[in-house]
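Starting from the known structure of chain Y, fit chain V onto it as the hints suggest.
Sequence order for the protein chains is Y and V. Mapping of the first sequence onto my numbering: position 140 corresponds to residue 140, and the numbering continues sequentially without gaps. Mapping of the second sequence onto my numbering: position 24 corresponds to residue 24, and the numbering continues sequentially without gaps.
If you're looking for bench data, these hints aren't it; they were derived computationally from the structure. Ideal Cβ placement from N, Cα and C applies to all residues, glycine included. Please note: incorrect hints may appear among the correct ones.
As the list claims (entries may be wrong) - Chain Y regions said to be covered by chain V (calculated; three or more residues, Cβ under 8 Å):
{"no.": "1", "segment": "16–26"}
{"no.": "2", "segment": "30–39"}
To be verified - If we take Cβ atoms under 7 Å as the criterion, some of the chain V residues that face chain Y in the derived model are:
{"no.": "3", "residue": "G21"}
{"no.": "4", "residue": "S23"}
{"no.": "5", "residue": "A25"}
{"no.": "6", "residue": "Q128"}
{"no.": "7", "residue": "P129"}
{"no.": "8", "residue": "P133"}
{"no.": "9", "residue": "R139"}
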Amino acid sequence: MDAFYAGLFSFWATQSANAFYTGIGGRLRNNQARQNETRPYCVVTQVDGLPEYFQDGHYDELAYIELQFDIYSETNLEVLALSKKFMTLFDTATFSVTGWSLLELERFRSLLMPLEKDEDMDNPLHRYLLQYTATLQKARV
Amino acid sequence: MARSRIIWWKGRKLTRKAEIGVSLALESFATNIWSEARRIVPKDTHSLKNSIRIEKLRSGKGRGYVAYRIVAGLEDGGSFAGSGIRSSIGGSSSGVGVGIASATKGKSWRQPSYALYVELGTSKMAAQPFMRPSFNKHRYRFKKTVRRLMKQKIR
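Next comes chain Y alone, as it looks inside the complex:
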């Protein structure tokens, strides 16, 4: 849903003074990070999305989008501190989505993931995973 992502990234653009935004140096990437991305950074991925919930033979005009945020950092302490800042910012976030009302943004999973270490990595990568469900309702005309 393009309108949702437009709203999300507009919201993000207004948060330049936020502790999380400055913590990651504004590096929020969509779906994939750049090669040799400067750490720390955050990647947002859409896990799932139900366009409109079909029930009892009619659409109830609700849409669900599940998002995954991965915060990557050099150290365990930094990734934990950034995740807390992220939750403070995003758990209560509200932003406008054209044609829709954002009813709820619910965090359903937060996990400290196992350390990632590859031969081509200078330092291992610490990761914190957060998943949210956004519930939207079609705006009444």
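Frame of chain Y; chain V shown alone:
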């Protein structure tokens, strides 16, 4: 005199008929998730697809708990204690949910399952979720079915 098992759901007594009904709904729900997960999972070697299976959990003594679990992964010899991902469906008041198993086996820390990496992605590979979307696709219908059964059978 034979003792009958009483199941409580949201403070009300359930009949044996309702238990059977819910159990059947759960089984059908688990089968739907299983088949959807197998359909959408990335199929490079088909080994991940072939590892997806349904496990029926035993009922708790006197608690009337019915649950199924859909598991993927467990490459390390197929041991149940290995890592993997699962969808747990409970017929009790605890409701429904999707869980991710931790990457432990016995006392030693092991590498997480490949299934977990496919579902959640890594720093070098985008997530290709197959468990969560499969679960979501059917859960709304499931809740409705169970609610209807409960209303019919609670006395």
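Right, here's what the structure says about each hint:
Residue count for the segment 16–26 of chain Y with a Cβ under 8 Å from a Cβ of chain V: 0. That is fewer than the three needed, and the coverage hint is violated. Counting residues of the segment 30–39 of chain Y whose CB falls under 8 Å from any CB of chain V gives 3; the rule of at least 3 is met. Below 7 Å, beta-carbon pairs count as interface contacts, and G21 (chain V) has none with chain Y, the closest being about 20 Å; its hint is therefore violated. Because the beta carbon of S23 (chain V) sits about 24 Å from the nearest beta carbon in chain Y, more than 7 Å, this interface hint is broken.
Interface restraint check for A25 (chain V): the shortest CB-CB distance to chain Y comes to about 17 Å, outside 7 Å, so the restraint is violated. Interface restraint check: Q128 (chain V) against chain Y, minimum CB-CB distance 10 Å, threshold 7 Å, status violated. Interface hint at P129 (chain V): satisfied, since its Cβ lies 5 Å from the closest Cβ of chain Y, which is below the 7 Å cut-off. Here the hint on P133 (chain V) is kept, as its CB sits about 4 Å from the closest CB of chain Y, short of 7 Å.
Because the smallest distance between the Cβ of R139 (chain V) and any Cβ of chain Y comes to about 10 Å, over 7 Å, the interface hint for this residue is violated.
Comparing the model with each earlier hint shows violations of hints 1, 3, 4, 5, 6, 9; every other hint is respected.
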